[in-house]
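Residue numbers (the working numbering), protein chains in the order written: chain X, 583 to 906; chain S, 3 to 333.
It should be emphasised that the hints constitute simulated quantities derived from the structure, not laboratory data.
Wrong hints could be hidden among the right ones.
A few chain X residues facing chain S, derived, Cβ under 7 Å [what the hints assert, rightly or not]:
id, residue
1, Gly-646
2, Cys-669
3, Met-680
4, Arg-691
5, Gly-694
6, Ile-696
7, Pro-697
8, Pro-698
9, Ile-701
Even glycine gets a Cβ: it sits at the ideal position worked out from N, Cα and C.
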Amino acid sequence: MGGRAVAETVLSVKGLRKTIGGRPIIHDMTFDVYAGEVFGFLGPNGAGKTTTIRMLVGLASADGGEIDIGGISLRRSFPQAIAQVGCIVENPELYKFMTGRENLEHFARMSGGIPPERIEEIVRFVDLERAIDDKVKTYSLGMRQRLGIAQALLHRPKLLILDEPTNGLDPAGIRELRQFIRRLAEEEGLAVFVSSHLLSEIEMMCDRVAIINKGRVISVGPVQDLMEQFADRVAWTFPPEAERRGRDVLSGLPFVERVWPDGEGRLYCRMDTERIGEANAALVRAGVPVLGIAAKTVTLEDLFLALTGGGGEDGAEHARTGTK
Amino acid sequence: MGPSMLALVQNETIKLLRRRRFLVVLLILAVLIPIFTYAQYRSVVTAQERMGTTDWRTLLQQQIVDTQNRLASSRLPEEWREFLKIRVQQQQYYLDHDINPMAPGAPTFARGFMDQAVSLFLPMIIVVLAVDLVSAEYSEGTIKLLLTRPVRRWKVLTSKYITLLLFTSLTVLMTLLLAYLISGVVFGYAGWDLPVLTGFDVTGGELVTSAVFMLPQWKYLLMQYGLGWFVCIVVGTITFMVSVLVRSAAAGMGIMMAALISGTILTQMASTWESSKYLFVVNLQLTDYLAGTLPPIKGMTLPFSLAVLSVWAVAALIVAYAVFIRRDVAS
Numbered sequence: 583m584g585g586r587a588v589a590e591t592v593l594s595v596k597g598l599r600k601t602i603g604g605r606p607i608i609h610d611m612t613f614d615v616y617a618g619e620v621f622g623f624l625g626p627n628g629a630g631k632t633t634t635i636r637m638l639v640g641l642a643s644a645d646g647g648e649i650d651i652g653g654i655s656l657r658r659s660f661p662q663a664i665a666q667v668g669c670i671v672e673n674p675e676l677y678k679f680m681t682g683r684e685n686l687e688h689f690a691r692m693s694g695g696i697p698p699e700r701i702e703e704i705v706r707f708v709d710l711e712r713a714i715d716d717k718v719k720t721y722s723l724g725m726r727q728r729l730g731i732a733q734a735l736l737h738r739p740k741l742l743i744l745d746e747p748t749n750g751l752d753p754a755g756i757r758e759l760r761q762f763i764r765r766l767a768e769e770e771g772l773a774v775f776v777s778s779h780l781l782s783e784i785e786m787m788c789d790r791v792a793i794i795n796k797g798r799v800i801s802v803g804p805v806q807d808l809m810e811q812f813a814d815r816v817a818w819t820f821p822p823e824a825e826r827r828g829r830d831v832l833s834g835l836p837f838v839e840r841v842w843p844d845g846e847g848r849l850y851c852r853m854d855t856e857r858i859g860e861a862n863a864a865l866v867r868a869g870v871p872v873l874g875i876a877a878k879t880v881t882l883e884d885l886f887l888a889l890t891g892g893g894g895e896d897g898a899e900h901a902r903t904g905t906k
Numbered sequence: 003m004g005p006s007m008l009a010l011v012q013n014e015t016i017k018l019l020r021r022r023r024f025l026v027v028l029l030i031l032a033v034l035i036p037i038f039t040y041a042q043y044r045s046v047v048t049a050q051e052r053m054g055t056t057d058w059r060t061l062l063q064q065q066i067v068d069t070q071n072r073l074a075s076s077r078l079p080e081e082w083r084e085f086l087k088i089r090v091q092q093q094q095y096y097l098d099h100d101i102n103p104m105a106p107g108a109p110t111f112a113r114g115f116m117d118q119a120v121s122l123f124l125p126m127i128i129v130v131l132a133v134d135l136v137s138a139e140y141s142e143g144t145i146k147l148l149l150t151r152p153v154r155r156w157k158v159l160t161s162k163y164i165t166l167l168l169f170t171s172l173t174v175l176m177t178l179l180l181a182y183l184i185s186g187v188v189f190g191y192a193g194w195d196l197p198v199l200t201g202f203d204v205t206g207g208e209l210v211t212s213a214v215f216m217l218p219q220w221k222y223l224l225m226q227y228g229l230g231w232f233v234c235i236v237v238g239t240i241t242f243m244v245s246v247l248v249r250s251a252a253a254g255m256g257i258m259m260a261a262l263i264s265g266t267i268l269t270q271m272a273s274t275w276e277s278s279k280y281l282f283v284v285n286l287q288l289t290d291y292l293a294g295t296l297p298p299i300k301g302m303t304l305p306f307s308l309a310v311l312s313v314w315a316v317a318a319l320i321v322a323y324a325v326f327i328r329r330d331v332a333s
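Take the sequences, apply the hints, and build the full model.
Rendered as structure tokens:
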């Protein structure tokens with residue numbers, strides 16, 4: 583973390599707000615994205631991810647707050663700010679009646695000063711050499727996705743914004759895209775902003791993550807911290823009279839990191855699920871009756887519950903570690 | 003920093019051509035002009051057969067007599083009667099000065115074609131060209147890529163508008179060219195220098211000929227196609243606004259068709275509803291001012307119609323820019 587503190591802030595969002603039809607959709611969003619990192623934007627459908635992205639790329643206007651890209655205000659100097667951004671918002675919708683090459687030439691002309699060699703280079707980079715002179719309507723979804731990435735990278739942006747990039751891709755395609763995104767960040771030093779509603783996806787490709795819900799950022803921090811806090815939980819159910827003792831026993835075990843009640847008569851603890859047997863044996867030895875054991879893989883819903891309501895304490899703690 | 007307007011117009015031109023819009027326009031012209039040519043040819047032949055003569059003076063004289071007979075019948079509505087009266091006066095003027103108003107030849111056909119096409123046919127062709135110029139970017143989702151480039155929105159819209167002006171002009175030019183080339187096969191290509199009368203003035207239901215003067219047909223055609231071009235630019239601009247406002251091409255097409263067709267209907271019956279002269283669709287028959295036929299509503303003049311059309315076009319542009327620049331791109 584200390585190393586990244588010196589990295590350039592490529593995208594800075596401060597106090598972003600948006601109201602649509604009198605209803606506030608985005609409330610006071612603040613986060614930064616640094617060069618060379620993959621930044622996850624995690625939230626359930628309807629959390630305001632796409633609305634935020636539309637504001638980041640200038641498709642929608644913000645009702646308040648500031649968006650700076652490479653230190654340039656998007657609102658005041660739109661062309662200069664957006665010139666540093668490549669994006670795919672939702673699906674990569676290109677001109678189907680033109681060839682892949684004509685599409686790239688079209689966008690190259692709009693950016694200005696892109697030599698023809700750069701088009702050749704980017705076509706090779708996304709591995710579309712064979713199909714580049716075919717009409718886009720003949721492309722498969724994977725090919726369209728790659729052409730979409732080509733148009734996004736054509737003008738050598740500092741910031742790449744991808745909205746749910748794995749939607750509709752098969753597992754092999756997802757893996758390929760993940761490696762591709764990592765490579766862009768690590769080797770090319772790009773800042774990559776990726777939105778998703780899948781925790782597993784964010785976990786696998788991002789360095790840091792902002793978790794958003796109902797138009798608010800509820801936590802920003804390194805993905806690792808997040809996963810360490812929420813991965814591998816085990817829910818224990820005890821008879822009410824034994825709960826106190828169960829908690830004491832579990833808290834005393836060296837491999838159990840934290841224990842907290844969920845408010846519905848169950849106790850959660852953070853531990854390696856492979857050691858459930860050991861923990862159970864310890865409880866039995868101590869004479870604590872166990873009514874149920876459930877290993878929980880963390881879902882996004884659990885995470886939100888933990889960060890907002892049910893585990894408010896954890897949420898607060900996480901928000902602290904997330905502050906840079 | 004940023005692209006030149008030329009590069010943006012080049013982009014829009016490529017897209018318009020790749021969408022085959024201009025090809026469709028050319029095809030419509032290439033199919034319909036021969037049909038009109040044949041119809042014109044048939045009507046000439048039929049008239050000659052009926053009269054048993056090919057002398058245009060006899061034919062024109064007969065037409066005047068026919069019209070006067072119709073005027074004698076009292077059943078004619080008042081506006082229609084006035085229209086016919088003025089036409090007779092005009093035909094008489096042509097006859098008196100020994101000028102054949104419909105001397106056969108490709109230039110004459112091109113003149114007649116513009117008179118017929120200027121208020122409905124040409125505007126509809128322009129609608130085909132313009133109706134999805136903006137809306138297609140929205141309906142196909144490509145607007146998201148178009149507006150996330152280092153180009154301000156007004157510049158993107160301007161590049162589209164310039165492209166529209168370019169192709170509208172090209173369409174009018176091609177109309178003249180195709181009308182000339184195709185009809186010439188039947189009527190011959192001569193007749194550029196034929197005298198045509200213009201400067202008729204209709205005052206109080208009477209034809210005033212004091213200002214009438216003679217023009218070689220090529221000059222008349224230039225003026226006439228210039229006016230036709232202006233009508234097309236105005237209709238194109240209004241369609242352009244519709245394309246910004248309405249996302250579906252079918253809806254846009256419907257709106258413009260309805261407007262144009264109701265304009266045609268209104269010009270035929272609107273003489274009693276005077277304020278309809280402020281509608282753009284009632285003012286499209288600009289070439290009639292050159293030919294000297296009765297305007298649909300009393301008091302309409304060429305400067306009046308030009309002013310009404312200009313106001314509509316400017317207002318449409320203001321709306322188009324204001325909406326395009328401010329509107330959020332929603333999913």
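Exercise. Which of the numbered hints are not met once you compare them with the structure shown?
Worked result: Of the numbered hints, 1, 6, 7, 8, 9 do not hold.
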